[in-house]
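Asks: If you're matching them up, the sequences are chains A and B in order.
If you read the first sequence in my numbering, its first letter stands for residue 1, the second for the next number, and so on.
If you read the second sequence in my numbering, its first letter stands for residue 1, the second for the next number, and so on.
Warning: the hint list may mix true and false statements.
[As the list claims (entries may be wrong)] Label-pair ranges, simulated between beta-carbon atoms:
| # | chain 1 | residue 1 | chain 2 | residue 2 | range |
| --- | --- | --- | --- | --- | --- |
| 1 | A | 72 | B | 43 | 47 to 57 Å |
| 2 | A | 25 | B | 129 | 31 to 41 Å |
| 3 | B | 151 | A | 414 | 25 to 35 Å |
| 4 | A | 180 | B | 125 | 52 to 62 Å |
| 5 | B | 233 | A | 427 | 32 to 42 Å |
| 6 | A | 414 | B | 21 | 47 to 57 Å |
| 7 | B | 132 | A | 113 | 49 to 59 Å |
| 8 | A | 407 | B | 58 | 16 to 26 Å |
| 9 | A | 428 | B | 58 | 19 to 29 Å |
The set of hints was computed from the structure by calculation and includes no laboratory data.
Using N, Cα and C, we set each Cβ at its ideal position, and we do this for glycine too.
Below, each chain spelled out in residue letters.
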Amino acid sequence: MTVVEQAAPLVRALELPYRHGFVTDVESDALPPGLDADTVRAISLRKREPDFLLKWRLTAFERWSAMTPPAWGHLRIAPVDFQALIYYSAPKSMHAQQNGPQSLADVDPKLLETYEKLGVPLHERARLAGVAVDAVFDSVSVGTTFRERLAEVGVIFCSFSHAVQHHPALIERHLGTVVPPGDNFYAALNSAVFSDGSFVYIPAGVRCPMELSSYFRINARNTGQFERTLIIAESGSHVSYLEGCTAPQRDEHQLHAAVVELIAHDDAHIKYSTVQNWYPGDEQGRGGIYNFVTKRGLCAGTRSHIAWTQIETGSAITWKYPSVVLRGDESSGEFHSIAVTNHFQQADTGTKMIHLGRNTTSRIVSKGISAGHAHNSYRGLVRMAPTATGARNHTQCDSLLVGPDCGAHTYPYVDVARDDAVVEHEATTTRISEERLFYCQQRGIAPQEATALIVGGFCQAVLDELPMEFALEAKALLAVSLEGAVG
Amino acid sequence: MTHPEALLQVRDLRVDVAERHVLKSVSLAVPAGALLVLMGANGSGKSTLGLTLAGHPRYRVAGGSARFAGQDLLALSPEARARAGLFVSFQAPPEIPGVKNNLFIRTALNAVREARGETPLDAFDFLGDARAAATRLGLPEAMLGRPVNDGFSGGERKRNELLQLALLRPRLAVLDEVDSGMDVDGVRAVVQLVRALRAQGTAFIVVSHYLQLIESLAPDAVLWLDQGCIAETGGMALATEIARTGFVRAAEALEA
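In isolation and in its complexed conformation, chain A is listed as follows:
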């Protein structure tokens, strides 16, 4: 791809407002607002879950009831009234039969149209024919493409609910082993009320033949989305997975509290990419999604590898720290992040690299972009345990400020229990100053195009990590997020 092709969508997209703010008009089957043990039972019943799962949920609910929301982030969060939220909402058509539609062909066309509008291919001869998609709408999965073709090589890719029905043993064995139910306030809440999400199982030695992706859509009003994703990569397997997220434009805040667990066995590779574009709120900071997410991967096996790549452009508030526990010897973890905040958006995001095994390595590349009145914090922990002989980490943490009223903050935590550990941290802060913009303008480049150039250059190292199909989309998204930041 030439540089012009790379830069072009940025430039074009600068003119566009939030593109995904529409509402799909469907009848919903929703629980009444409020949360108690009966809500948890009602969700479990609707999903016809086995007993172990209901018990697991109720234990989590008990834990959650005794917890308080974390207050250590560099964030100003209006209190969430958890009793005013709806914890389960699904399009009625998804429940028409006991099992919902049997295949994508039976799904309500309105729902399919929603994904069409979002540019997410749910027909298997789509433009992105090399990508399998699980589409989650509010609390349920609408459908998963390429399920049969993947099954031929033994790969299980389906909605979480489907996995609970058809692969309960895998769920029971792995659920909560990486992010325990009581891990933190939002993880506990998710464990109690999670409704759907994606499940991936890659058998030993299998290189997943296509990109897997999930597309999360919040549609209903006053409804929280609590999805749960579990990816298990057996020895020697490879998988690349991408999630995308959007929501309608609404004046009130909506809560999204997801949990993602990854497990990589010996020599397994998991690459997990996120393009998060939840509705960010308007220019005055009204509305927008609260994105409070717990993501963690376990490098369980020797030489296993987990890489997180995230492009965070949406949400009113982002609170998330995709982490890797490096338990297997010689395992490695990566975190590549671009977090963009504009107007009154806030982000407190980063990672944790927990080195337990010998000769484990981790790399962190964080790019924070702040514009308008937004605040963007990087918070990262690198821990070298006493067992982590020869462990190494390198962290590169860069901030880009657009205009005078925004802020960038860096909170690196380093916890080293060994003398031979190598921990390197580099940080830079750059401003798109009036002087730099004027220089571009003097040479004929308009301010928005100049911003796109500078942002593109700043982010290149992370964008290079994305699967190619999504790199362009991500670039366009970055430009949209910064619209109105200059000029």
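Here the structure of chain A is known, so what remains is to put chain B in place on it, guided by the hints.
Replies: Relative to the frame of chain A, chain B by itself:
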């Protein structure tokens, strides 16, 4: 006999910078293809004139007018002025981290080419032109692949300004002390580039204190800017006089 309008016509231009009247009244005309030399003591307003013409937001026009190629220059955005063919070099061009020099210059060039009704250059054609121009200016080719001005020495930044000048081929270039901080080869490259562009019709306003450079450029006129006003207009003789006696003595001589 009719006089065609000059390429740049500045009339009674008054400019304030942060409450200070920097330009009090400047009038000048630059015919197409002409070369003017602008001299003046530090703080007399030379850089202000260039940056005001370029549309820098901190330079507030308090009065007067400037027409460029038949347009009201002061009504245009800075990028529209550049696209209309105005190039103003920076004394201290800023670095732009993360943006490769060749992408930056090609983006600028294609914006200007589009305004001129020319087809955009692809990366391959551009790189050929850029390499040739860089070699003529003594700028190592590797500078094309590095971020704009990032880690460049003073002389390299000046050469990078000249590289952009050479590729953008403006109708009018304002060169603000482009020779300062340059070695002998650099100054020679300036002269060669200015001559080559003049042969293609580019006009120049050259700000310089360096008599030898001014002489080699064979200016059509030398203007002396003093405390925000054009104090005197002359030829090479005025430049020689200022170089010999300095700005203060020259001012006394004028008053006598």
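Asks: All hints, please: hold or fail.
Replies: Quick rundown of the hints versus the structure:
Checking the proposed 47 to 57 Å range against residue 72 of chain A and residue 43 of chain B shows it holds: the Cβ atoms sit about 52 Å from each other. Between residue 25 of chain A and residue 129 of chain B the CB atoms are about 56 Å apart, so this pair departs from the stated range of 31 to 41 Å. Take residue 151 of chain B and residue 414 of chain A: their Cβ atoms lie about 29 Å apart, and the range 25 to 35 Å holds. Checking the proposed 52 to 62 Å range against residue 180 of chain A and residue 125 of chain B shows it holds: the Cβ atoms sit about 59 Å from each other.
Judged by the Cβ atoms, the range 32 to 42 Å given for residue 233 of chain B and residue 427 of chain A is violated: they are separated by roughly 54 Å. For the pair residue 414 of chain A and residue 21 of chain B, the supplied restraint of 47 to 57 Å holds, since their beta-carbon distance comes to about 55 Å. For residue 132 of chain B paired with residue 113 of chain A, a C-beta distance near 54 Å keeps the hint of 49 to 59 Å intact. Here the CB-CB span from residue 407 of chain A to residue 58 of chain B is close to 24 Å, well matched to the stated 16 to 26 Å.
A hinted range of 19 to 29 Å holds for the C-beta pair residue 428 of chain A and residue 58 of chain B, which are about 26 Å apart.
Figure legend: structure checked against the earlier numbered hints; hints not met, in rising order: 2 and 5.
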